[in-house]
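One letter stands for each residue in the lines below.
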Amino acid sequence: MSEKVLMKGNEAIAEAAILAGCHHYFGYPITPQTEVAAYMAKRMPKIGGTFLQAESEVSAINMVIGVASTGKRVMTSSSSPGVSLKAEGISYLAGCDLPAVVVNVQRGGPGLGGIQPSQSDYFQSVKGGGHGDYHNIVLAPASVQEMASLTFKAFDLADKYSMVSMILADGTMGQMMEPVSLDAGEVNTYEKPWALTGTNCERKHNIVNSLYLKPEALDQKNFERYEKYKTIEENEVMYEEYLMDDAEICVVSFGITARVAKNAINEARAKGVKVGMIRPITLWPFPKKVLNEAADKCKAFISVEMSMGQMIEDIELAIRCKKPVYLCNRVGGMIPTPEEVLAKIDEVNENGGAF
Amino acid sequence: MSKSCKLLFAGFGGQGILFAGKFLAYKGLIEDKQVSWLPSYGPEMRGGTANCSVIISDEPIGSPIVDAPDVLIAMNLPSLEKYENAVVSGGKIFIDSTLIDKKVERTDVDVYYIPATQMAYDNNIKTLANMIITGKVLKEVEDFSLDNIDAALKKVVSARKIELLGVNETAIKSGYDYEG
Amino acid sequence: MSVVFEKPKSLTDAVLHYCPGCTHGIIHRLVAEVIDELGIEGKTIGVAPVGCAVMAYDYFTCDFVQAAHGRAPAVATGVKRSDPSKIVFTYQGDGDLAAIGTAETVHSAARRENITVIFVNNAIYGMTGGQMAPTTLPGQVTQTSPYGRDVETVGYPVKVCELLSNVDGAAYVERVAVNNVKNVKNAKKAIKKAFQNQIEGKGFSLIEVVSTCPTNWGMTPEKALEWVDEKMIPYYPLGVYKDIYAEEEAK
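Chains as they are written, first to last, in this note's numbering: chain A, 1 to 355; chain B, 356 to 535; chain C, 536 to 786.
Hints are not guaranteed to be accurate.
[Stated by the list, open to error] Quick partial rundown of chain A residues pointing at chain B, CB under 10 Å, derived from the structure: (1) SER2; (2) LEU6; (3) GLN175; (4) PRO179; (5) LYS262.
[Unchecked claim] Short, incomplete list of chain A residues facing chain B, as computed with Cβ under 10 Å: (6) VAL5; (7) LYS8; (8) SER143; (9) GLY171; (10) GLU178; (11) ILE256; (12) ALA261; (13) THR337.
Bear in mind the hints are in silico, worked out from the structure with no lab data behind them.
We put the beta carbon where it would ideally sit given N, CA and C, even for glycine.
Given the sequences, and given the hints that come with them, work out the whole structure.
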């Protein structure tokens, strides 16, 4: 375990990426993720890597496609409006089955929105975001340590499944400092026989492509890709359970709001309210199974999120609407306070989970 | 019983608000505490308002956001007016009395008035009012001390400005020794 | 029996899907001949556009990546930055390069990205069936300018070489045509130089090839070639627009 240092979440992502073997980064300034680019600008020249500030987020994600097609690890980062611009490229990465890591340090929207923390890109992240049928692996860190460790994980999963891994953070996670240990552990390497490395006149040319003019071929390709997604849903779900053993109310929350919720849960527990939390760490694949099991024991769920109610739909689907799911939310850059979450817990508790 | 201290540093951009918070967070880290540091952020503007939440705790930290500080360090009037009533009952408020004329009306908190900016001028360390007031915080807040200030300063003073280690230490100590 | 004419090694056996009389075939061949002559087939990576040449990846024997509309220079930037020892080229049409991809074009030139861009200008969107392009001539009739391009309402064509001649980072910019033997020979010379520049690390080179689209222009292939001389070249004069190394030598 390496020595703990205090780092901003954005910087932790950048350094973790480098330690994971990512020597190519393409970015564009946007609050509140700019520290990632600034950190890369400083570090990449020192390790012989590439930092390039592109002319737009659109170009940055396409530069990512270029590097990814050669088989090397590559990353880009942005915040909500910039990620919308990258959506086209992310769809192409999915269509080409290319591995890459995309970081979204979310801010309020829609439109130019605001610059304060938000989680309202949930749908965009977990449902695809760009055109066509596809998924990204979506990882939601709730501490600076996880900003680093989930970045290591993101690169590994991207290569393992040849697809985009997204770190879905928010302005708080990006800006805050906490102690972090930067230990990448063993970095796995994966064979990439499809990579564009030049034929050296020794093999048939490799083609990285998402165009299938024959519908039968595109149909088949999509079914194959969804078989891969099924494997991921079976093997790669990550979540944290907090005080769930005897919980009657299950809070579901990720990222910064999960930490706020923890404070509220502790206060509720002190009053004797049996409440716990399931914190999804992978938002896709979503921890459906554990939630569905919880639905057999709990009387109600509370989704705490900084959106107008996006994750709540996935909770309802996961538990097949067996129990009521209530929403506790703030948006636009406002973060729910522990008191607000506690009030919701009390309200649900007093009504026995049935309104 | 586990202990946790939630601090809110607030003032103008350029007063070293974030730096002082980072110093305390690093001091906590060195002392094997759980720590978090969360800055306000906004459109980049020198002279705008700045604040940061610092939590130093024996237990893992839940929310890093300090809405109800145990300790408020106010380095300008708008900050005092904004956060005075957020401080928990029994909490402490540290005020740079060179820049803030107003007196705290609450009686359920301990208030310390330190002419930090004036002291900084007098000692020819005029950019270090932040560390003078931080010195006073180290003196008055339970479980805080002058231990490890050297090591913590080395983590937060950039290598390019290594010559500033000494004056930072002087500033902290002069605040610590200030009896107002 | 002696072989007097054969297909360049760098072209596959795939049958080109281009319309009869389209000059994409000639330009593909020129690029392939140059790759053969420079002996770079094994280390060349191509970037295909969106447009008529989208399936270029099937026609060249080198590795290929297909880019989103207009993004080929950005993708090429990534490929080249990943391994600067590779020879990287894009092959783009006018809609791709001069409309939706204008930013990528200008900024890859400004960065003096060490890549080669083959820009095929036939003044129309061919693949989608003949709509107005950024390079459609004033008065030219297309599906989306059915009364002729009216510069009062839709503005003027974009002259890419002239534009890039003012971009400091661009190293070599030349406009050529392939409508007669002499022009084809010049075009090949220019394309070769554009690849040679990259091999020598000289930076961003773009060759604009004034081309035809008999199908969507509504002309016979022969008439289309004449139209290049009569209409296209007067608006898009051939020649070298920028060559910083020649400029340096001249000093």
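Structure-based check of each hint:
The restraint placing A/SER2 at the interface with chain B is violated, with a minimum CB-CB distance near 14 Å, outside the 10 Å limit. Given the 10 Å rule on beta carbons, the hint for A/LEU6 holds: about 6 Å separates it from the nearest Cβ of chain B. Using the Cβ-Cβ criterion of 10 Å, the hint placing A/GLN175 at the interface with chain B is satisfied: the shortest such distance is roughly 5 Å. Hint status for A/PRO179: holds, given a least beta-carbon distance of 5 Å to chain B, under 10 Å.
The interface hint given for A/LYS262 holds, since its Cβ lies 4 Å from the closest Cβ of chain B, which is under the 10 Å cut-off. Hint on A/VAL5 holds. Least Cβ distance to chain B is approximately 8 Å, under the 10 Å limit. Annotation: interface hint on A/LYS8 holds; nearest CB of chain B at approximately 9 Å, less than 10 Å. Because the beta carbon of A/SER143 sits about 9 Å from the nearest beta carbon in chain B, less than 10 Å, this interface hint is met.
Interface restraint check: A/GLY171 against chain B, minimum CB-CB distance 7 Å, threshold 10 Å, status holds. For A/GLU178, the interface hint holds, the least distance from its beta-carbon to any beta-carbon of chain B being 5 Å, beneath 10 Å. Taking 10 Å as the C-beta contact cut-off toward chain B, the hint placing A/ILE256 at the interface holds, the least distance being around 8 Å. Among the interface hints, the one on A/ALA261 holds; its C-beta lies about 8 Å from the nearest C-beta in chain B, closer than the 10 Å criterion.
Against a cut-off of 10 Å between C-beta atoms, the interface hint on A/THR337 holds, since the closest Cβ of chain B lies about 6 Å away.
In this structure, only the earlier hint numbered 1 is contradicted, and the remaining ones agree with it.
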